[in-house]
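**Q** Listed below are the residues making up each chain.
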Amino acid sequence: MTTITKLPDPVAGGSKHPQRGKTPRPGRGRRLGDLRIALLFILPAMVGFVAFFLIPTIRGIYLSFTEYSVLGDPTWIGTKNYTAIFADELFWNAMAVTLQYVGLNIGFQTVIALGLALLMHRVAKSTLIRGALLLPFLVANVIVALLWFWMLDYQIGIVNEIINWFGLPRIAFFGSEQWAIPTIAGVNVWRHMGYTALLIFAGLQSIPSHVYEVASLDGASQTRTFWSITMPLLRPVLVLVLVVTVIGSFQVFDTVAVTTGGGPINASRVIQMYIYQKAFGESDFGYASALSVILFVILALVAFIQMKFLKGNESDLD
Amino acid sequence: MKKTLGAVAAAAAIALSLSACGGSAPASSEAKGEINYWLWDANQLPAYQQCADDFTKANPDIKVKITQRGWDDYWTTLTNGFVAGTAPDVFTNHLSKYPEYAAKKQLLSLDDAVAKDGIKLDSYTKGLPELWVGQDGKRYGLPKDWDTVGLFYNKAMTDSAGLTAGQMANLDWNPKDGGSYELAIAHLTVDKNGKRGDEAGFDKNNVAVYGLGLAGGGSGQGQTEWSFLTATTGWTATDKNPWGTKFNYDDPRFQESIAWWAGLIDKGYMPKLETTVGASLADNFGAGKAAINTTGDWLIGQYQSYKGVETAFAPTPKGPEGKRASMFNGLADSIWAGTKNPAASVKWVEYLGSTACQDVVASKAVVFPAITTSADKAAEAFKAKGTDVSAFTTHVKDSTTFLFPIADKAAKVDGIMKPAMDAVLAGKKPASSLTEANSQVNALFK
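Listed in order, the protein sequences are those of chains A and B. Each residue of the first sequence is one higher than the last, beginning at 1 in my numbering. Each residue of the second sequence is one higher than the last, beginning at 1001 in my numbering.
Calculated from the structure, these hints are not laboratory results. Treat the hints with caution; some may be incorrect.
As the list claims (entries may be wrong) - Derived Cβ-Cβ restraints for the label pairs, each shown as a range:
| # | chain 1 | residue 1 | chain 2 | residue 2 | range |
| --- | --- | --- | --- | --- | --- |
| 1 | A | Ile55 | B | Thr1245 | 49 to 59 Å |
| 2 | A | Thr127 | B | Ala1156 | 30 to 40 Å |
| 3 | B | Lys1192 | A | Val297 | 29 to 39 Å |
Claimed, not checked - Covered stretches of chain A, going by a simulated chain B footprint (3 or more residues, C-beta under 8 Å):
| # | stretch |
| --- | --- |
| 4 | 65-71 |
| 5 | 128-137 |
| 6 | 148-154 |
| 7 | 173-182 |
| 8 | 252-264 |
Claimed, not checked - Beyond 12 Å from chain A on every Cβ pair, some chain B residues (computed):
| # | residue |
| --- | --- |
| 9 | Gln1049 |
| 10 | Phe1082 |
| 11 | Ser1363 |
| 12 | Lys1397 |
| 13 | Ala1410 |
Don't be surprised by glycine CBs; every beta carbon is placed ideally from N, CA and C.
Just chain B, with the same shape it has in the complex:
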């Protein structure tokens, strides 16, 4: 209750500041002073700190203050900052969040800046810049990086199971029997007595090593959990992307795939959902409790940091039609509409989206920058560290990526889909119950 009063005052303040700057970049004002920049990934902080230092060296009048916050706190603090007038001038933005901010007029459009400063949008990896054009046709972010999903596996375990790297890289999957992907998972599962998941006498209630780790139900996107499987069946989350208004969780292809995935728990190949609360997928992998994890390339560094565990990477399995699929997610830097320093903010965003900064990020070998040439440099930097990242780049090379489903009301969709997916995964409801959840989701858009 107490917050509402503050919110009123702050909302009034925001209204004033909004009308003052009118929502588009007044390029005439001078580019100097201090700007605040937020990001959530601690692994990327050193790279961007160096970008900020280089930037200040080139523009001595502008200081950049970087703040890193964990994912969970990041978005609530940001929203509160919009209301209270304390949001950062520039921040790392996510595809699931920016539609709402754009609709609420919290983001500065970058079209003028892009036109005036001649930003070459085609230097970015194909498809990325378009993701940041809102429903109103305005551009709200410059791409900074992209990610794809792959299989992270424990090399010692696949070796002892007799699975070669070549086999792991050429798994196939279908929703009926799971293909060689399920066979590998079953074979990598080991119970307390040392019996493998595909052997007679396997005790599914006392599993020592699960073939496949589980992070959670994946909510409505399942980016790292199931989207790389469902997409190979031809299924898409929405009628069109971006800005879909009709969701397809009632599609039999989707429900069949989810039923197969949830079925792994019953077979004892994947841990129960209830054991994932408070647990970390990566840490369980590091502790040798799972042989394969499906997750995104931004975690390569973390998976390699576990002592005594050799992590190898394989591309996601091929689907029924012989093609792989991976969600293609990209981050961008956006400017808050309430910034007191739009000129300096634009300059910083342009620098973040430039080859100069993205090459620095590439050299740290943590993520793949959005600029194509920088991404190549990142792949080389990974290689220099002894990491083969072709499992992730192959999707871009073979154009087997599909875009993160961008839609309005993402938080509400999430509010419905997370419990619905969890219920299926917990075995409490059948996959067909997602039809009901789907009509609830679609009702949001009526």
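Next up, chain A with everything else stripped away, as it sits in the complex:
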């Protein structure tokens, strides 16, 4: 970048037409020439961005101000969808359920992944074991969900058979209101912890070993080293991991869709499930678009706050 921006100046200065020196036209011509080349290189990505992100986003925002059933034309109704959403108990329920899910999912996932990453870094050096941690992530989400759905089945699931064998009462993992969200969160922790651990593990490897040597020379204990060296230096990676996993966590859908479908009652009707229900179940695409826009704003805010307060773009190594 720097070479490109600095380039025109010496060229303009060394121009063969010093008498027209006060007009920077040749320089500008050169700049425009670069712009053309630059645009050419940006174009493929730009086409994809415009066609698949920008236009759908703008259209989604437009649709959120309409009543639209796909099989007709959208009719403009102003902010009616939004006022309806704020009075919609199911929306607030969906937000509460989603937050509960994100809290459980991210909390357990991050702590377990950090532990696994430390184990990978310090103890389990075999590629086989490190690879095995990734295995759940290699199975498709829906397959994982269905597999656990069957294993946790109330009547015939192996988990309940074991619980029963110990003489404890069976648990309706997906069927009871208390268990539905923790169960779904647990299934997704199981699938994603290996992958998240791998990301953190990469962060651990980027911490130079000399800081650990200095710490041990100073006689710092293991715990002290962890909190004063590892965690601060891992922060940029952890922030990135958190931003990515929190956004992913807010968008939980497939696990819910193939297991509880939002039930029992409304206990697992997460926001994406509610959007899907409104759009594809009740053909209310305008309302669903408005819900999507709200989710978009929330996620943008969450990402912004995380980057801002956890200083994800700075490293303590500098």
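Go by the hints and put chain B onto chain A.
**A** Then chain B, alone, in the frame of chain A:
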């Protein structure tokens, strides 16, 4: 988000194709080519495949390609197909779905075809053809079959409980104490120690066999769950049927009946709602975990397929006024308005609704065809297989059927009523909470 762009393009395409065919059958175009036909019930696929083969034999220019999809995928794929322009030419339609499709102009009206080809509507069982006339007075489907609800019970269990087939066929019910229906259910419930539900010392927290199985809350229709009970009290779901705009879930007769039904869980006679998630009512019956199931005649074949279980059938119990009741649901074949081949599609639908095809369906003994004479043949075919289906035909014979509540905005009503009914059944809210749900439902029609 990505889907919206495709949807726009597809919606534009649909608009073009719609304006091209104008929504009514241009009978002038030639009837040939390939037509796509969808249905959801795998049990009926062989019968309709044979109909398609016979049809092609009679009309060598028309090929019929049949696709079967499970109920859950069927409707979303169909709606997406309407938008994307890939919907089937002809498809099996349901009473809860067609009002919306008709309102959105996705269905071809069959009035011209019926008039031109002289379809005899009175050959169908009374009441069925009228179900498919939309709010605009146009006909959107030709009836293909009907179904009623009955009690499916495990014969070995009733035998050991000392209940005869005659007793099972003459149960009575009322919302106050459940009548002999509840007594039978209680007696058929057995706990881990072998104590029956009506005996002293019955442990309702450790039940081995439930007297009555549970599929779910039944949402706003309760077709197989509770509608056969609530209807005997004189209650109806809507102010008028079809096309009601006011729902009656606030009626005390309804709430009283639901409270009685949900109360069976508390008594230990019916499994908890939370145990039904991911479970199959029929499979639990097959596994001997319930003695009675209330379900529809389309599952007769499945219930007879369980090894070591002898399933018998009894009509639904008589209500407080001494009469039985069963929801009368009927399917029909409809044509998609966007079909490129309306002439051939009309021909196929007419064949599906003809005696020729419905007799073939009857011979397979899976459902009751809509044509009265074919339904009789189906009853004979069932009998030949050793199945007594009088529990289901008796409703038609005695005119104790009532129609599936046909209303606009069915999906939205369902979105409100399913969680509301589940909450009552889970014991989280009293049946009186349905009054609140009812006002939400009625607000949809304002």
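**Q** Compare the structure with each hint and give your call.
**A** Hints, one by one, checked against the model:
1. Checked against the hint of 49 to 59 Å, the pair Ile55 (chain A) and Thr1245 (chain B) fails, with Cβ atoms roughly 39 Å apart.
2. A hinted range of 30 to 40 Å is violated for the C-beta pair Thr127 (chain A) and Ala1156 (chain B), which are about 58 Å apart.
3. Taking 29 to 39 Å as the suggested C-beta distance range, the pair Lys1192 (chain B) and Val297 (chain A) does not conform, at roughly 54 Å.
4. Counting residues of the stretch 65-71 of chain A whose CB falls under 8 Å from any CB of chain B gives 3; the rule of at least 3 is met.
5. Check on the stretch 128-137 of chain A: 0 of its residues sit with their Cβ under 8 Å from a Cβ of chain B, so the three-residue criterion for coverage is violated.
6. Counting residues of the stretch 148-154 of chain A whose C-beta sits closer than 8 Å to any C-beta of chain B gives 4, which meets the bar of three, so the coverage hint holds.
7. A stretch counts as covered by a chain when three or more of its residues have a beta carbon under 8 Å from one of that chain; for the stretch 173-182 of chain A and chain B the count is 4, and the coverage holds.
8. Counting residues of the stretch 252-264 of chain A whose beta carbon lies closer than 8 Å to any beta carbon of chain B gives 4, which reaches the threshold of three, so the coverage claim holds.
9. No beta-carbon of chain A is positioned within 12 Å of the beta-carbon of Gln1049 (chain B); the least distance is around 29 Å.
10. For Phe1082 (chain B), the requirement that its beta carbon stay farther than 12 Å from each beta carbon of chain A is not met, with the minimum near 6 Å.
11. In this structure Ser1363 (chain B) is separated from chain A by more than 12 Å, as the shortest Cβ-Cβ distance comes to about 36 Å.
12. With a cut of 12 Å on Cβ distances, Lys1397 (chain B) stays outside the contact zone with chain A, its closest approach being about 38 Å.
13. Annotated as non-interface, Ala1410 (chain B) brings its C-beta within 12 Å of a C-beta of chain A; the closest such distance is 10 Å.
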